[in-house]
Amino acid sequence: MGIQAIAVSLALLACVSAGIGISFATAKAVESVARQPEAASKIQTVLLLGAALAEATAIYGFVIALLMILLK
Amino acid sequence: MEGFGEKILEVMTSNRIDIHLFGYTIPISDSVITMWIIMAVIIILSIVFTRKLKTIPEGKQNVVEVIVEFVNKLTESSVGHHWKLFAPYIGTVLLFLIFSNTISIFNIIPSGQDLYKLTHIEAFKKFPDFNLLPPTKNASVAMGFAVMSMVAVIISGIRVNKVKGWLKNFTKPVPVLLPFKILDYFIRPLSLCFRQYGNVLGAVIIMELIYKALPAFLPGVVSIYFDIFDGILQAYVFVFLTSLYIAEAIE
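Chains as they are written, first to last, in the numbering used here: chain Z, 1 to 72; chain U, 1001 to 1251.
If we strip away everything but chain Z, and leave its shape as in the complex, we get (with noise of 0.2 Å):
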């Protein structure tokens, strides 16, 4: 398991960035929300937009590391 653990955690190393990726989204909508009110919901629909494929690395990260442990 050894070199195999370090190369998992690695891969996983893209929850990170998706993570700061979809934070950073979120802080300048909460701005833009609280500039302009009432385009709360155009906003919305982008800032979900752009969270989903943000949030797609992640997952393509977490899917490539599942494989590496399943498929020793």
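Bear in mind the hints are in silico, worked out from the structure with no lab data behind them. Some hints could be false.
Claimed, not checked - Here chain Z is said to cover these stretches of chain U; the calculated rule only asks that three of the stretch's residues, wherever they fall, bring their Cβ under 8 Å from a Cβ of chain Z: (1) 1008-1021; (2) 1189-1199; (3) 1239-1248.
Quick caveat: nothing in here was measured; it's all calculated off a predicted structure. Beta carbons are placed, not taken as given, at the ideal position from N, Cα and C, and that holds for glycine.
Chain Z is fixed; fit chain U onto it per the hints.
Then chain U, alone, in the frame of chain Z:
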């Protein structure tokens, strides 16, 4: 710690349940059976809820109208002019995915061994082990949904723009982008599939680990996030992205 790896493997592999029919043995994977159950539930619910519709809604008709209006608004805001063509498909996929992603909260079917211990009836021992886990934790099911929405994108592009306009769309801003536009048709279903599959499988694995580590109280609280919120959000994102792709194809 040793049991965790086996538990993950057990969740990831799809069980096959043998059905004996006319002397043949047909192995059917459990996600297909779960989908049959969901289909039956949705069909029965939609028959019950749409009986005796009235002009002035009352009672259960209000619930249906809220759902239908939500789907219509979602489709209209993203697809635009041609929303009437796609609202039924979008609504069907949304309802099915919401049911299938959150089905694990109804996972209370006891296994054959448990029933035997409880009642000491021999017949229960042969009862197949069946868990109500979300069918989208199987990559093939998620890929099926992704391919379905990609086919819907292609059909809508051809239907609205005709074949000529659809082919012309490949070279729209500049012809240099042609390979990327063709590549889009392969990458988009893959990304849709992995988003759905990875999220649901991750939630299922985390829930199983929590059940194994701490079977009292905590699973109930965490399940609200991992089963209900995450499942509904992923279903919404899937449908939202599908409608965005359709909007791009028919513009």
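Hints, one by one, checked against the model:
Coverage of a stretch by a chain is defined here by at least three residues with a beta carbon nearer than 8 Å to that chain's beta carbons; for the stretch 1008-1021 of chain U and chain Z the count is 3, and the condition holds. Judged by the Cβ-Cβ criterion of 8 Å, the stretch 1189-1199 of chain U is covered by chain Z as claimed, because 6 of its residues qualify and three suffice. Chain Z is given as covering the stretch 1239-1248 of chain U, and this holds because 3 residues of the stretch bring a CB closer than 8 Å to a CB of that chain, at least three being needed.
Comparing the model with each earlier hint shows no violations; every hint is respected.
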